[in-house]
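If you want the building blocks of each chain, they are given just below.
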Amino acid sequence: MSDIKGILIIGGGMSGLTSAIEAAEAGYKVSIVEKNPYLGGRVAQLNKYFPKLCSPNCGLEIQFKRIKNNENVTLYTLAEVVNVSGVEGSYDVTIKVNPRYVNEKCVGCDACAQACPSERPNEFNFGMDKTKAAYLPFDYAFPFRYVIDEKSCADNCKKACLDACKYNAIDFNMKQETINLKVGAIVMSTGWSLYDAAKMDNLSFGKAQNVITNMMMERLASPNGPTKGKILRPSDGKEVKNIAFVQCAGSRDENHLSHCSYICCLASLKQATYIRELYPDSKAQIFYIDIRTPGRYEQFYWKVRDDKGVTLTKGKVGKISEDPATKDVIVEVEDIAAGNKIKASFDMVVLAAGMVPSTKESTCGMNIPLTDEGFVNAPSLQKGVYAVGTLKSPVDVARSVQDATGATLKSIQSMVRR
Amino acid sequence: MAEQVISPDLNFVKDIIASGGDTLKKCFQCATCTVVCNATPNNRPFPRKEMIYAQWGLKDKLISSPDVWLCHNCNDCTKYCPRGARPGDVLSTMRQKFIQENAMPSIMGKVVTQPKMTLIALAIPLVLFLLVLGLTGHLRTPEGQIVYSKFFPIPYIEAVFMSAVGLAGIAYLASLYRFWNSMSKGNNQPYTKGIVPAFIETLIEFAKHSRFAKCGPNADRRIVHMLVFYGFVGLLITTIWVTVYYYAPKINTPIALSDPLKWVANISAASLLIGGVLLALNKMKDKGFVSKSSTFDWIFAIMILLLCITGILTELIRLAGIATLAYPIYFIHLLFVFYTIVFFPYSKLSHMGYRALAITYSKMTNRDIQI
Chain A
13 MSDIKGILII GGGMSGLTSA IEAAEAGYKV SIVEKNPYLG GRVAQLNKYF PKLCSPNCGL
73 EIQFKRIKNN ENVTLYTLAE VVNVSGVEGS YDVTIKVNPR YVNEKCVGCD ACAQACPSER
133 PNEFNFGMDK TKAAYLPFDY AFPFRYVIDE KSCADNCKKA CLDACKYNAI DFNMKQETIN
193 LKVGAIVMST GWSLYDAAKM DNLSFGKAQN VITNMMMERL ASPNGPTKGK ILRPSDGKEV
253 KNIAFVQCAG SRDENHLSHC SYICCLASLK QATYIRELYP DSKAQIFYID IRTPGRYEQF
313 YWKVRDDKGV TLTKGKVGKI SEDPATKDVI VEVEDIAAGN KIKASFDMVV LAAGMVPSTK
373 ESTCGMNIPL TDEGFVNAPS LQKGVYAVGT LKSPVDVARS VQDATGATLK SIQSMVRR
Chain B
22 MAEQVISPDL NFVKDIIASG GDTLKKCFQC ATCTVVCNAT PNNRPFPRKE MIYAQWGLKD
82 KLISSPDVWL CHNCNDCTKY CPRGARPGDV LSTMRQKFIQ ENAMPSIMGK VVTQPKMTLI
142 ALAIPLVLFL LVLGLTGHLR TPEGQIVYSK FFPIPYIEAV FMSAVGLAGI AYLASLYRFW
202 NSMSKGNNQP YTKGIVPAFI ETLIEFAKHS RFAKCGPNAD RRIVHMLVFY GFVGLLITTI
262 WVTVYYYAPK INTPIALSDP LKWVANISAA SLLIGGVLLA LNKMKDKGFV SKSSTFDWIF
322 AIMILLLCIT GILTELIRLA GIATLAYPIY FIHLLFVFYT IVFFPYSKLS HMGYRALAIT
382 YSKMTNRDIQ I
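For the protein sequence lines, the chains are A and B, in the order given. All residue numbers in the first sequence are consecutive under this note's numbering, ending with 430. All residue numbers in the second sequence are consecutive under this note's numbering, ending with 392.
What the hints contain is simulated information worked out from the structure, not anything from laboratory work. Here the structure is a predicted model, which means the values were calculated and not measured. Check the hints yourself; a few may be wrong.
What the hints assert, rightly or not - Okay, derived cross-link-like pairs now, DSSO-like style, lysine-lysine, Cα gap no bigger than 27 Å in a straight line:
1. B:K46 <-> A:K326
2. A:K211 <-> B:K131
3. A:K326 <-> B:K47
4. B:K235 <-> A:K331
5. B:K131 <-> B:K313
6. A:K404 <-> B:K47
7. A:K355 <-> B:K235
8. B:K306 <-> B:K235
9. A:K211 <-> B:K306
10. A:K339 <-> A:K355
11. A:K331 <-> B:K46
12. A:K339 <-> B:K306
13. A:K219 <-> B:K131
14. B:K308 <-> A:K331
15. B:K47 <-> A:K211
Unchecked claim - Sample of chain A residues lacking proximity to chain B, with all beta carbon distances greater than 12 Å (derived):
16. K41
17. D104
18. P133
19. K171
20. H268
21. K320
22. E344
For glycine and all other residues, C-beta sits at the position ideal for the given N, C-alpha and C.
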């Protein structure tokens, strides 16, 4: 098999990880190119999975361990694919790797962060808190190695970090590198980003302090999140006892995302259980156009619906405003079943924002056929390049993982059949 | 709930789709429209329910509904509609259809409102005027100073136009009565206010155009509508005033430019012209979302402009003393005046009465918004 080239996996989220492990464990060389300083992608930011309501960290940590112990895997973090040329079986790939300023000697002792005087907004928590300029992305991050945000770290900060590190793990001389790889097949698993909720001027995200997105809610509810798992509202840190979920915040909307993002109904139902479990006297109200919980997920919907603390109201929220005195959030909606326009006040409002395929940001130096919505038009992809999971359409984690396994098989077949 | 039998009118659905409401079926009932609308009541708001009634062909429910007329075509709904269903345009098309449906005699509603009938509608006064002037030997350019009554004597004008106003008035009142009946019977809501105070409130609101102030993305329409509205009001006053002058102080046309009557007349004409031009420009303006005006609306805008421009030219050319041009222009102007009056009950202008009744009814049934 020595003449067979490796597989390039672009994106180290749940799909990319799965694809990489499946190929590596089948004996193929893989290179993972991940933009972030850590693996795990969106899944790493989630508090719980639906419908089982278990934490994603157990599954992720198993995947991390499998990767760590497999010598077929080469990992590039803080890296992006900038150019791809060639044909099926023989691709030349150019990647740019940004400096981490922390080398492999790092043991994760936290001394640099403790000594570091500078802070930066924590994008892992959607800016809801800050980290030091020398930081670990999250508590079980893989690779388990600190990162330094050089832009936020002035000379005194650099000095403090260097002085604090006993292991010579910090190196400010690191430069951006360009690396050329030769691979036989490419798996694109660059995933999705959340639709910018501020674009919906009527929903007041960014204007009303206690209007957050569904991904922010995951971080708020996570034990390793900015509030250590207590759901506290941003304006005054009050416990959230009365919450509203606004479905289709941007999705199924020609002015924003014309597609249904598939997971948001289940995500909101799931998040309603977070608050109901945390504060038994709390209430949650979900405003929707249609509740879309396909297949077996229907049973999860029934379970949440039957909770007396949860109200489901048919009607899309058209206006959101803030009570300037209390910072409560006022939601305006037509209760379609009752046929009346209502104004209701909540401690906090969660916008069920949708999925934007990462092709909107980059197609990794390749000419990728796209659908009108910007997803990868998989049947038109050239042979040798395979797209996975949420790149093709909005899907949940389980289906992404299945799809990733399938993509691995396809890329192996692509290389073996010549 | 008791069993309810509904009888869908499929032709109505097709008709709405063909006449400007082509996006009707795109609506998926999310109710964004009812929330972003500032002109809709909290109790049974529009236009979401109107969209589904129209999709289902429930014409009876819609024709007797005040809500179709409470809509002022602000287009907040169309701007925020996630489906491009353009509720503003669909409701506008419904109003056009209900003008036709309520029209008395029904045949006029069906015939005159057809865009392709516009020229035939204009041919009626043409033939009539040619007959009147021809038979009385007036079909020529009079000598001397330009005095329009030398060409079309006042008694003839009165005979023709008084009967036109009379016929149109009767037809219009009958149409409105038909609408009021179907609305009050169809909705059967208890009254909390008498018709007279409710109607007076409505007229005051009209004078101030306060409901238009609620419009979001289309706020300019308040000014435009006011200019056209007050232009017409001013010209109506002028017409009555001229008649009073003719009979009481025996002041004949042409009336001196310094006369207050002439001030009112000229300011009104200018207001109508500016309003008409802005109306047309506003229709063509890119508002950042798609909204289409139907042919019915366009014909109305064009007719208003032609009426106004020929009227202003009639005066200007008379002042310039070009007799060979003045009398023909005056003749053409009269065609448009006749058209506007006689076909008033079937044209877009007739929305005034329907809207007044719908607002009056919503005030009487305690369903009106805070203006």
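The hints, checked one at a time:
1. B:K46 <-> A:K326: 20 Å, holds
2. A:K211 <-> B:K131: Status violated; Cα separation ~45 Å.
3. A:K326 <-> B:K47: 18 Å, holds
4. B:K235 <-> A:K331: Cα-Cα ~15 Å, so holds.
5. B:K131 <-> B:K313: 22 Å, holds
6. A:K404 <-> B:K47: Cα-Cα ~25 Å, so holds.
7. A:K355 <-> B:K235: 18 Å, holds
8. B:K306 <-> B:K235: 20 Å, holds
9. A:K211 <-> B:K306: 23 Å, holds
10. A:K339 <-> A:K355: Cα-Cα ~15 Å, so holds.
11. A:K331 <-> B:K46: 24 Å, holds
12. A:K339 <-> B:K306: The hint is violated at about 38 Å.
13. A:K219 <-> B:K131: 51 Å, violated
14. B:K308 <-> A:K331: 20 Å, holds
15. B:K47 <-> A:K211: Holds - the C-alpha atoms of A:K211 and B:K47 are around 23 Å apart, at most 27 Å.
16. K41: 47 Å, holds
17. D104: With a cut-off of 12 Å, A:D104 remains clear of chain B, as the shortest Cβ separation is near 44 Å.
18. P133: 32 Å, holds
19. K171: It holds; A:K171 is separated from chain B by about 53 Å at its closest Cβ, greater than 12 Å.
20. H268: 8 Å, violated
21. K320: A:K320 is indeed farther than 12 Å from all Cβ atoms of chain B, at 25 Å.
22. E344: 5 Å, violated
Consistency note: the structure conflicts with the earlier hints numbered 2, 12, 13, 20, 22.
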